[in-house]
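There are 2 protein chains.
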Amino acid sequence: MKKQSIGIGLMGLGVIGGQVAKVLIDKADALAEQVGCPLVLRKVKVLPQDLTRPQAQAMDSQLFTTDADEFFATPEIDVFVEAIGGESPALEYLTRALSDSKHVVTANKEVIAKHGVELLTLAQQHGVGLHYEAAVGGGIPLISPFQRDLLANKISGIYAIINGTTNFILTRMARDGVDFPSALNRAQELGYAEANPRDDIEGIDAAYKLAILASLAFHSQVRPEDIYCEGISRLGSRDFQYARELGFAIKLLAIAKQSDESIEVRVHPVFIPEDSLLAKVDGVYNAVLVEGDLVGKVLFFGEGAGALPTSSAVIADIVAAAQDVILGIGSRAKWGAQPGKDIKPMSEIETRYYLRLNVADRPGVLAQISKVLGDHQISISSVIQKLVDSVAQTAEIVIMTHPAQEKAMQQALDELTHLTAVKEISNFVRVEA
Amino acid sequence: MKKQSIGIGLMGLGVIGGQVAKVLIDKADALAEQVGCPLVLRKVKVLPQDLTRPQAQAMDSQLFTTDADEFFATPEIDVFVEAIGGESPALEYLTRALSDSKHVVTANKEVIAKHGVELLTLAQQHGVGLHYEAAVGGGIPLISPFQRDLLANKISGIYAIINGTTNFILTRMARDGVDFPSALNRAQELGYAEANPRDDIEGIDAAYKLAILASLAFHSQVRPEDIYCEGISRLGSRDFQYARELGFAIKLLAIAKQSDESIEVRVHPVFIPEDSLLAKVDGVYNAVLVEGDLVGKVLFFGEGAGALPTSSAVIADIVAAAQDVILGIGSRAKWGAQPGKDIKPMSEIETRYYLRLNVADRPGVLAQISKVLGDHQISISSVIQKLVDSVAQTAEIVIMTHPAQEKAMQQALDELTHLTAVKEISNFVRVEA
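Line order of the protein sequences matches chains E and A.
Counting in the numbering used here, the first sequence runs from 1 upward without gaps.
Counting in the numbering used here, the second sequence runs from 1 upward without gaps.
These aren't lab readings, by the way, just hints derived from the structure by calculation.
Where hints are given, some of them may not hold.
Identical copies look the same in the list; a pair holds intra-copy or inter-copy alike.
Simulated pairs of lysine-lysine, DSS-like, Cα-Cα distance not exceeding 27 Å [stated by the list, open to error]:
1. Lys114 with Lys386
2. Lys22 with Lys154
3. Lys280 with Lys407
4. Lys297 with Lys407
5. Lys27 with Lys257
6. Lys154 with Lys27
7. Lys3 with Lys297
8. Lys280 with Lys257
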């Protein structure tokens, strides 16, 4: 039986949901051509406050309901689209739609990162697809490349600038020499950071996205709580000065690596060489560098958030789901729900380090510091020493190390704080080559 | 009926074909898991010289045949893979496989660029898929993003570094200050350029790839002969010096733009701002920047050629085709075979220009040149004048213009050659901002 139309049920008419509704209406003809029949919005689950938005006022109010039961009881919905965000009630709604054997499209990184495996299992049990391209990186294709284009590869590494807010702040700190609070302020004024920016600046948002990408890339369940997570608020303008002097940029990277034995997943600020492609990714842009055994290095770049780019990914997923409905097939996408490889403890990772220390300006201090590092098998690759305060007789020492183990570095840092000559460990940042 | 296996017929056991065979064998288990049943190589169409390659010697010789009829008569082939390259006999073989209602995977840019519409029509008539991800950009996902991820967008522009040989040569000229012949020589020594490098350095290879991308992106047939094509052999080391001085890099770009009325497609060297992301794409790497109304700018970067990256794309296509066989569906991919929009004549494009002129070093020359440009409504944005040869009393003038029409510029260039003060128009290069 040929479908006359594909019915869409949309949950949420906020910034993302409103834009998705707008595209479904404005581009109805072009989308119908792609799918083979029209995509028809049959019901929209709204909150009372959504109804004051311009997009709501441009739409037939008969489409709206604030009642979840009425929404799910709407006949002739083939594809449910979730654009609510957050864990609850989105998780219940997604579970309800999949349990009712409906294809589902979601833009919800938190739910997929935390509950992706259960939801995908539920989708498979009910023979329907769960599409979540928009959950990571806005309109940048990231989910579909792992599911399709790169599937012949063994992925060894992912290096991602995957949070636009922090990248905007870091770009501003690097360019304008301002400190973190001032750069954050500016991001908030421009609407790039929320009033409560914790999820962004502490790396939590990036960790959700990394959990999704690493799970897909490694065919192994990586949960948000598996990811070591460190934000950008400790960085100071002096760190950017030294980074430039040493030939590096500072970025908040989400890193996932896979060896035969284990998986390494972490989100933290890193020094990266200033001539690397990721160092050039500025402002609110995102970029994901993937390393595979066949493909070598591939990089995906674009706007990682915002209503328009996110709607690009949601609509692509809706079209894919609609084609599946017409062809009568479930999703081809697989997310191996294998128990997963071991997650390497943070103490065992190995990297180079940048250290900035405030020390007493007297003879022998560098020798003491070098000895502590040497005792932990950490060798120094370069040192910059500058007199900071001639009255207080303190100097600033910046050390770049050769690769060392995190555990050794943490022990060395602990010992350094006990040296009377060391006034303060101003900062330490990991380095990725 | 559940398939026990998917039979693969491989045409060509050269560099690409050999690597595809190797991955099918080495990664058999992982691929079987993706597909749901094993992918089994049933026959390989070879040339006698292929049999001396190490990959051939590692395989069961019963698989090989040099006879096309024997190859196509092999039972239980579900997916034909073409890795021969070039127009003939690849086109006949692809036609034969599709006419026999077999799914087909090809890495052949020339055949797809020249005959893609007929072949895709043939595939649709026979209810099978024609997959060609590997035809453009090696392992970088480029076809599938247009077919799936970006389909909700109206694409306004494509800016692509899509030929690794020329990008290697240009990178070398920029970094080492060498001239074109020496950089080409080096590329040939390293195996990045062929003994007969014409297709690469004249932009023909890039034009094939642009025809494929533009046709997909604009849902409109763009043929290789529609594309204005200019190679890199006219560039000299002095052009790179001036480019650097002016804040630009020089790249061979494949450019496609779409307006409501027409399509603009061209391959030629361009000045691009040195801080743009494309300017950072060096060596044999490729990158494709796409602009869409929803997604904004997205960029795809990676190795655009080579056996390993290309096999990544071929295998992904084989898996997709195998899944289609199992699900009993033809390809979802559509290439609108619409007659197509008008191609804008090159004379009507508008861009900024870089001009390098060798002139008599005497008063009033710049005034004469400015007048000729001004007569054609071309305004100058900056001028550099340097004394080159004090004996010959000639100077070099470099002019950057504001945006002007190509026709006006060509007429101005013609008039400039007739000025006695102008000894030579050393070069002119278009500028993209």
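Discussion item. Regarding Lys154 and Lys27, is the shortest C-alpha distance of 27 Å or less found within a copy, between copies, in both, or in neither?
Written reply: So Lys154 and Lys27 pass the 27 Å test across copies only (10 Å; inside, 38 Å).
Worksheet item: How do Lys280 and Lys407 come out at 27 Å by Cα distance, when the copy is not named: within, between, both, or neither?
Response: neither (31 Å within a copy, 36 Å between copies)
Item to complete: Go through the copies and call it for Lys114 and Lys386: within, between, both or neither, with a Cα cutoff of 27 Å.
Response: neither (46 Å within a copy, 64 Å between copies)
Discussion item. I want to check one pair: Lys22 and Lys154. Are their C-alpha atoms no more than 27 Å apart within a copy, between two copies, both, or neither?
Written reply: between (39 Å within a copy, 15 Å between copies)
Worksheet item: Between Lys3 and Lys297, at a C-alpha cutoff of 27 Å, which is it: within one copy, between copies, both, or neither?
Response: Neither: 42 Å inside a copy, 35 Å across copies.
Worksheet item: Using 27 Å as the alpha-carbon threshold, which applies to Lys27 and Lys257: within, between, both, or neither?
Response: Between copies, since 20 Å is at most 27 Å while 40 Å is not.
Discussion item. For Lys280 and Lys257, with the copy left unspecified, which applies at a CA distance of at most 27 Å: within, between, both, or neither?
Written reply: both (22 Å within a copy, 25 Å between copies)
Worksheet item: Checking Lys297 and Lys407: alpha-carbon separation at most 27 Å within a copy, between copies, both or neither?
Response: Classified as neither; 30 Å inside a copy, 41 Å across copies.
In the structure shown, a violation is registered for the earlier hints numbered 1, 3, 4, 7, in ascending order.
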